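Chemist: Working from the sequences, and respecting the hints, build out all of it.
Chain by chain, the residues:
Protein chains: 2
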Amino acid sequence: MAKDFTKRADDYSQWYNELVEKADLAEHSAVRGCMVIKPYGYAIWEKIQAQLDKMFKETGHVNAYFPLFIPKSYLSKEAAHVEGFAKECAVVTHYRLKNAEDGSGVIVDPDAKLEEELIVRPTSETIIWNTYKGWIESYRDLPLLINQWANVVRWEMRTRLFLRTTEFLWQEGHTAHATKEEAIEESEKMLEVYAQFVEKWMAIPVIKGIKTETERFAGAVETYCIEALMQDGKALQAGTSHFLGQNFAKAFEVKFATKEGKQEYVWATSWGVSTRLMGALIMTHSDDDGLVLPPNLAPIQVVIVPIYKGEEQLSQISTQVQIIKSDLEAAGISVKYDDRDTYKPGYKFAEYEFKGVPVRIAIGPRDLENGTLEVARRDTKEKETLQQNDIAKKIKHLLENIQTNLYQKAIDYRSEMTHKADTWEEFKKILENNAGFIYAHWDGTAATEELIKQETKATIRCIPLNNKLETGKCIYTGKPSTQRVIFAKAY
Amino acid sequence: MAKDFTKRADDYSQWYNELVEKADLAEHSAVRGCMVIKPYGYAIWEKIQAQLDKMFKETGHVNAYFPLFIPKSYLSKEAAHVEGFAKECAVVTHYRLKNAEDGSGVIVDPDAKLEEELIVRPTSETIIWNTYKGWIESYRDLPLLINQWANVVRWEMRTRLFLRTTEFLWQEGHTAHATKEEAIEESEKMLEVYAQFVEKWMAIPVIKGIKTETERFAGAVETYCIEALMQDGKALQAGTSHFLGQNFAKAFEVKFATKEGKQEYVWATSWGVSTRLMGALIMTHSDDDGLVLPPNLAPIQVVIVPIYKGEEQLSQISTQVQIIKSDLEAAGISVKYDDRDTYKPGYKFAEYEFKGVPVRIAIGPRDLENGTLEVARRDTKEKETLQQNDIAKKIKHLLENIQTNLYQKAIDYRSEMTHKADTWEEFKKILENNAGFIYAHWDGTAATEELIKQETKATIRCIPLNNKLETGKCIYTGKPSTQRVIFAKAY
Chain L
1 MAKDFTKRAD
11 DYSQWYNELV
21 EKADLAEHSA
31 VRGCMVIKPY
41 GYAIWEKIQA
51 QLDKMFKETG
61 HVNAYFPLFI
71 PKSYLSKEAA
81 HVEGFAKECA
91 VVTHYRLKNA
101 EDGSGVIVDP
111 DAKLEEELIV
121 RPTSETIIWN
131 TYKGWIESYR
141 DLPLLINQWA
151 NVVRWEMRTR
161 LFLRTTEFLW
171 QEGHTAHATK
181 EEAIEESEKM
191 LEVYAQFVEK
201 WMAIPVIKGI
211 KTETERFAGA
221 VETYCIEALM
231 QDGKALQAGT
241 SHFLGQNFAK
251 AFEVKFATKE
261 GKQEYVWATS
271 WGVSTRLMGA
281 LIMTHSDDDG
291 LVLPPNLAPI
301 QVVIVPIYKG
311 EEQLSQISTQ
321 VQIIKSDLEA
331 AGISVKYDDR
341 DTYKPGYKFA
351 EYEFKGVPVR
361 IAIGPRDLEN
371 GTLEVARRDT
381 KEKETLQQND
391 IAKKIKHLLE
401 NIQTNLYQKA
411 IDYRSEMTHK
421 ADTWEEFKKI
431 LENNAGFIYA
441 HWDGTAATEE
451 LIKQETKATI
461 RCIPLNNKLE
471 TGKCIYTGKP
481 STQRVIFAKA
491 Y
Chain X
1 MAKDFTKRAD
11 DYSQWYNELV
21 EKADLAEHSA
31 VRGCMVIKPY
41 GYAIWEKIQA
51 QLDKMFKETG
61 HVNAYFPLFI
71 PKSYLSKEAA
81 HVEGFAKECA
91 VVTHYRLKNA
101 EDGSGVIVDP
111 DAKLEEELIV
121 RPTSETIIWN
131 TYKGWIESYR
141 DLPLLINQWA
151 NVVRWEMRTR
161 LFLRTTEFLW
171 QEGHTAHATK
181 EEAIEESEKM
191 LEVYAQFVEK
201 WMAIPVIKGI
211 KTETERFAGA
221 VETYCIEALM
231 QDGKALQAGT
241 SHFLGQNFAK
251 AFEVKFATKE
261 GKQEYVWATS
271 WGVSTRLMGA
281 LIMTHSDDDG
291 LVLPPNLAPI
301 QVVIVPIYKG
311 EEQLSQISTQ
321 VQIIKSDLEA
331 AGISVKYDDR
341 DTYKPGYKFA
351 EYEFKGVPVR
361 IAIGPRDLEN
371 GTLEVARRDT
381 KEKETLQQND
391 IAKKIKHLLE
401 NIQTNLYQKA
411 IDYRSEMTHK
421 ADTWEEFKKI
431 LENNAGFIYA
441 HWDGTAATEE
451 LIKQETKATI
461 RCIPLNNKLE
471 TGKCIYTGKP
481 STQRVIFAKA
491 Y
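Quick note, the sequences are listed as chains L and X, same order. Per my numbering, the first sequence runs over residues 1 to 491. Per my numbering, the second sequence runs over residues 1 to 491.
Note that these hints are calculated values from the structure, not bench results. Just so you know, not all the hints are guaranteed correct.
Identical copies go unnamed one by one, so any copy, or any two together, can satisfy a pair.
List of simulated lysine-lysine pairs, BS3-like, C-alpha gap at most 25 Å [unchecked claim]:
id, residue 1, residue 2
1, 57, 22
2, 180, 348
3, 409, 200
4, 87, 57
5, 98, 250
6, 234, 409
7, 113, 98
8, 420, 473
9, 383, 393
10, 348, 57
11, 325, 57
Predicted model, so just to flag it, every value in this text is computed and none were measured.
Modeler: This is the structure:
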């Protein structure tokens, strides 16, 4: 597998594309910009979903489901929102097909034109707030803490598997609150949930911050984000949480009666992560031999490969493997025993290495005699021979070790790729050489942000939360600044 | 709640509609025919999903995700399929909106017309078999056992919450096999999985059978189904499993190399259940006081309501409730403690009764003294006072008892509502009086089936699996028949 596989240093982008397809994670579909998420890729997404869903429920949220379609006029109700989202959308204009009279196939029935076109949801604030209008009457109905797992569509011109696709899967939380403070607290709480998840489960270190006005979600008062750094020195926004103020409540006339009987507009948040996380996962840990998965999200944590000649040896090994497998499974470890006789061990080793299975166990006749196993870890490629006794405990420890190691490696890489720039020359030089995160002073204007972007392609990823205040001069205009912000080229 | 609630005997259809909305299960959205599944309804759907997903995985299936959109031309590739599905569809014709020049809002950009229209999937056989073409080369790639959880759209003119909506949620399994026998075995296996699930989890008895040619899935060689009987004597198809023969393999040119090196077309199945199951669940068990849920699918299995005066009493009760709650939860029971002080116990009793919570526990100061609890079951409305010791065991037993009782009640109802008809007069009389399932002889022709449907609205629900052979005469034409089939009016 790895044989025809492009190296990161040669062409990072090509490496990524090949990896996604060859590791059976996803592929392009026949529909422009839409992907097929293959079973192995989907199994990782299911693990992401399960853990996030658990964390959402632990923080008091419930799931619901809102329509796929949004009446076109809804998008226009919130002034900033329409600018951001009423652009590249899939538009449903008709509701019926019929046979062509010339027998050439089916055609759209011109008589079945919708009075008002429907937009396939690019995000659901509008349809949800239109619904909340009927659900919220008094302070007793608040807070409303709802999440939705759904597919959304944004018509993208240039697509890349997981990173930017026309249709993608995501979750979108939409909450309603009685006070501004509570809504802000909710946005920050969910940012923290995302950060915890991405760091502990995906083993990806992130920086928490807020977006500049330019990069803010269309319709938000404040957008919080977590930013991760990929191996090519480009940043990737891994999740966002928005404090929406009363913008959508005003657009959809959602008021509530306070305890004192006054009518007030409701405060809102929304927050989401998507299958884009799969892209972050792949790009953070993988190497020139294929995928590397953190054990916490690996569909197969341990694969066992028998090394044998003839059926009798296989049968002896299999008997022993069943015992080991049960031990491991009893300890909550997901194990695959690959006893296919259509492939040789070497082929299997290469396959699981490419698919990022964290631990590979090989067992042959000599191991049976000695009560040993050969254990190989995917992250460091180290191999060791272990005694079979207490194997579940040893493997559990090894998996934890791999999880920690991957996170630490990513932290180290990020430190190495994080720089300060104090002059424009310095800034440009860093971007030319190795990119990464650049802490630099900025005069706080959208105009300067835009000029920097035009000249270097670098954008302000975020203003870190609890940022250290420090007087300085904007790297571009020399105007006074009170804090450094983080610049990077980004996905 | 139950006060303004229509009785089943007065207007069954109205009773259903009110129940769905008042029990917070779902509501109509602003988009014609699309529903909003509310948190309480969605929590039941999540339980349905979780159990089915487990059963699919236990039978060797994996999940994946295929695109929402299908190129229009794909629908035409399988001759029967296009007749069934290329009708009432949501058609995407454009991919961009723009601001109207007169400032009146957003309009569809006429320059962004798609070359080929996209259909929002009504079912995914075509896009999936187009994908399988790239995945299947040899017998080693078979069987391919894949399921997808997704939303689908069929533009319905007359919609009812859960039972018939334009957009609905479902799962669709799509499998590929090397032999006809294996594909048939798979279709039958999945029918059995559905039957097991619906009977054991939903407590709904079903009849397994095959559909007549008229009622067959468009593109199938054989459609297997499970049929349930609702409280108004109408049947509801609860799930279908299709043996697709080589129809889709031929339409999309999917061949595989056999062990002997020959090229053969692949054999296929597909099978699905949808949010329609929610309708079956509601209509089978609920009564004039609201929803009745089988414990296996109830989001809240036990609700505990404190009966108190003043904060001190509440605090004493709450202390004891926490112990009981922990005991119950440790036994795997989902418990809600409702200590809201904004509502009185009577209000809470009515609310949980209406929402179908299987067991309600009330605890007051006297119970504290006596070490007792008042336990009420939703299905029979019986109440009893129990000692608190061993409470988890007692409640677990009670929940099992309720689950069994609901199933038995449904079985009894179905027996009562199942008839044989040997003459056309008898047949019509049964349908006029109380409907239900009617076992009757039929001459086996689509023409007769259609005439019976036109005259009585009854359709052939299925030819039961392993049906008893019995010579007789068709109730409509008097022509010879070898077996009885099941007729009913249906949802």
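Chemist: With reference to the structure, classify each hint as holding or not holding.
Modeler: Going down the list of hints, with the structure as the test:
Only between protomers do residue 57 and residue 22 lie at most 25 Å apart by alpha-carbon distance; the minimum there is 24 Å, versus 35 Å within a single protomer. In this assembly of identical chains, the alpha carbons of residue 180 and residue 348 never lie at most 25 Å apart, being 56 Å within a copy and 31 Å across copies at closest. Within a single copy, residue 409 and residue 200 get their C-alpha atoms as close as 14 Å, which meets the 25 Å cut-off; across copies the closest is 49 Å, which misses it. In the homo-oligomer, the alpha carbons of residue 87 and residue 57 never lie at most 25 Å apart, since the shortest distance is 34 Å inside one protomer and 40 Å across protomers.
Within a single copy, residue 98 and residue 250 get their C-alpha atoms only as close as 42 Å, which misses the 25 Å cut-off; across copies the closest is 23 Å, which meets it. Taking identical chains as interchangeable, the C-alpha atoms of residue 234 and residue 409 lie at most 25 Å apart only when both belong to the same chain, with a minimum of 17 Å there against 63 Å between chains. Proximity of residue 113 and residue 98 under a CA criterion of 25 Å is satisfied in both settings, with 13 Å inside one chain copy and 19 Å between copies. Proximity of residue 420 and residue 473 under a CA criterion of 25 Å is satisfied intra-copy only: 13 Å inside one chain copy versus 91 Å between copies.
Only within a single protomer do residue 383 and residue 393 lie at most 25 Å apart by alpha-carbon distance; the minimum there is 17 Å, versus 50 Å between protomers. When the C-alpha separation of residue 348 and residue 57 is checked against a cutoff of 25 Å, the pair qualifies only between copies, where the shortest distance is 23 Å, while the shortest distance within a copy is 39 Å. Proximity of residue 325 and residue 57 under a CA criterion of 25 Å is satisfied inter-copy only: 18 Å between copies versus 32 Å inside one chain copy.
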